[in-house]
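**Student:** Chain order of the listed sequences is L and U.
Following the working numbering, the numbering of the first sequence begins with 1 at its first residue and continues without gaps.
Following the working numbering, the numbering of the second sequence begins with 1 at its first residue and continues without gaps.
Treat each hint with caution, since some may be false.
Unchecked claim - Restraint-style ranges between C-beta atoms, simulated for each label pair:
1. U/233 x L/61: 39 to 45 Å
2. U/128 x L/117: 55 to 61 Å
3. L/30 x U/350: 23 to 29 Å
4. L/30 x U/263: 24 to 30 Å
5. L/215 x U/129: 31 to 37 Å
6. L/217 x U/208: 31 to 37 Å
7. L/104 x U/263: 46 to 52 Å
8. U/297 x L/29: 39 to 45 Å
9. U/47 x L/58: 39 to 45 Å
It is worth saying that the hints were derived from the structure and are not from the lab.
For clarity, every value in this text was computed on a predicted model and none was experimentally measured.
For each residue, glycine too, the CB sits at the ideal point set by N, CA and C.
There are 2 protein chains.
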Amino acid sequence: MGKNKKIFLTVGPSKLFPTVKKHILEALKNNIPSISHRSEKFMSLFEETVVNLKKLLNIPKEYQIFFLSSATEAMEKIIENTIEKNSFHLISGEFGFRFFQMAKNLKKNALAYQIDINKPLNNQKIIIPKSSEIITITQNETSIGFSFDPKIIYQIKNLYPKKLIALDIVSSTPYIDLNFDKIDLVFFSVQKGFGLPAGLGVLIVSPKAFEKALFLNKKNKLYLSYHNFLELKKYADKSQTPETPNVLALYLLNAITKDFLKIGIEKIRKETEKKAKMIYNFLEKNKILEPYIKIHSFQSKTTIVAQTKNGKKNDLILEKLKKQKIYISSGYKDFKDIHLRIANFPFHTFWEIKQLINCLKVI
Amino acid sequence: MGKNKKIFLTVGPSKLFPTVKKHILEALKNNIPSISHRSEKFMSLFEETVVNLKKLLNIPKEYQIFFLSSATEAMEKIIENTIEKNSFHLISGEFGFRFFQMAKNLKKNALAYQIDINKPLNNQKIIIPKSSEIITITQNETSIGFSFDPKIIYQIKNLYPKKLIALDIVSSTPYIDLNFDKIDLVFFSVQKGFGLPAGLGVLIVSPKAFEKALFLNKKNKLYLSYHNFLELKKYADKSQTPETPNVLALYLLNAITKDFLKIGIEKIRKETEKKAKMIYNFLEKNKILEPYIKIHSFQSKTTIVAQTKNGKKNDLILEKLKKQKIYISSGYKDFKDIHLRIANFPFHTFWEIKQLINCLKVI
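Just chain L, same shape as in the assembly (with noise of 0.2 Å):
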């Protein structure tokens, strides 16, 4: 890799895996963008992506895929198409803080704990209401590099069975390995650890989930939002989606989903594990920067959070990378200045993050 190439190691819009260009001249070759939704080459196309991504993230067949446009949106139909009156919102940052917001703005009860990062969980008196329908968790939390470890979500699912358990896994996935037994809907957008561009949200849903949406079109209390459940189903019974959708979005979904079969998504979290060590034992040792989330269980892995020591602002040194053209991003909304944030994703190389470190050894 030439020195005098960018680097980009923000989370989100990420940098493009370096294959996207080649599969958008692919797609153009073919006319993919010109195929219509409803022929037998776009169905073909759905239903191999289909098939891959259960391939790679090891999704449950009976399990369905919604295709939608946004990580946003999905929260919205979760919120829509599974909950009648009540929800919990386990919250760590403002991506937690969405979901719940968003159950509120459509007239749901809905309930929140804060977590205290500082603490351990089980020191952490969580009381999740008998009357809770489901529970959602920002499995990844983008703001601040907060992350669950998945053995604690299959936890509270033990302790709260009946209740639906509801994954945001935007800025986790492909890294995130889930039992899916234990979670009921799962969602993620393509422009962070899928290096697409934006514009693609893809929905996960348990058969359980699932016939929550039909009991409540049955109790006349769906809202029939032309991406319900039932009608996305019915659609994607047939590979097809309701409207038009982003066909070149899907087809480069699915070509990246090929890629990262070849490459092994063993290797893939092998060395996001690795790189992400890289970056936390640099931090533990620097005299300006330390790591945001203290407890190592609850430290991502693949959005990595530094603060500065004593409030310093971030400016200075987001100059000096920018010098070196190194990119990562500032905090979010209340740490912009003290935070930075770095990705680390599938096809971020063992050599950027090599000079990310070195260039902040310097400052």
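Since the structure of chain L is already known, use the hints to place chain U on it.
**Tutor:** For chain U alone, coordinates are given in the frame of chain L:
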């Protein structure tokens, strides 16, 4: 143009505008898919796109432009944001019917009038109740090639000045020339006349339509989707969108709009009319085919529908065209086997239309 080139006259997703590939490569070179949707760079792209679209389509300064994921979503947002109880829908085909059906699904008291396409409108008794808050009109009905002269739409507005008028121009923009003072909500998607990959919907909202959303919100009757008008405006005011949008699509829309401005919208409109005339002239004199829409003022200039005489099947015709590498659309739903649908968009050349006519002549 080479003789071996395929000719795509399908009604949508259409073939791509000839410059799209160039624009995509330019976007990739400039890392457009990786820019943050909260960055200065994105905001100026958003702003520029709005300015250029307003220039091209002659949209008044005070109208809002919202970017959504599809025209279907635009219909839903119109229903949610401007109808408290009662809506009225003028239906000539499947897409008008979809608008009506969606309003019913969202629990609105929706009434509809089915237009008799074989009778002048002033011979039809369209009774719009006083209580109707909105009148939805499919200005160009892609399913059957029926279109409304805008003058008729203005007459309707003059008769019902207090009602909102919502217009579907999915398959007639940018050809159709509208006086926005007489219309409150206009929407289209980019995969037809703009010749872009699908995945972006554009919704244009008058101050009066926006006020209706404010009024519903005050009464606590606004459905607070993440894409409600207030939220969309809050972000549009800072040249942003609530969610991570399809940035690449926005970039391409801006690029093509600039291309259209360079060509000149008057030229595009004149050529569209000339090409339409060529096709209709041919159909009027043909032995096997005839225009499905008989009344001249109802005949669409951009999606032209022919039907076989005596209900003959269209399969042999489509087959013969395919052998010459000419692709047009079959009929919509019930008309699948007896209609031929021909797109006449800005990027369809006289040469392509001539090839089609020559080929149909000898069938």
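**Student:** For each hint, tell me whether it holds in the structure or not.
**Tutor:** Verification of the supplied hints:
1. Judged by the Cβ atoms, the range 39 to 45 Å given for residue 233 of chain U and residue 61 of chain L holds: they are separated by roughly 44 Å.
2. A C-beta distance of roughly 58 Å is found between residue 128 of chain U and residue 117 of chain L, which places it inside the suggested range of 55 to 61 Å.
3. Range check, residue 30 of chain L to residue 350 of chain U: about 27 Å between beta-carbon atoms, so the 23 to 29 Å window is met.
4. For the hinted restraint 24 to 30 Å between residue 30 of chain L and residue 263 of chain U, the CB-CB distance of approximately 28 Å keeps it satisfied.
5. Evaluation of the 31 to 37 Å hint for residue 215 of chain L and residue 129 of chain U yields a pass: the beta carbon distance comes to about 36 Å.
6. For residue 217 of chain L paired with residue 208 of chain U, a C-beta distance near 35 Å keeps the hint of 31 to 37 Å intact.
7. Taken as a hint, the range 46 to 52 Å holds for the pair residue 104 of chain L and residue 263 of chain U, whose Cβ atoms sit roughly 48 Å apart.
8. For residue 297 of chain U paired with residue 29 of chain L, a C-beta distance near 42 Å keeps the hint of 39 to 45 Å intact.
9. A hinted range of 39 to 45 Å holds for the C-beta pair residue 47 of chain U and residue 58 of chain L, which are about 44 Å apart.
Going down the numbered hints, you'll see the structure goes against none, and every one checks out.
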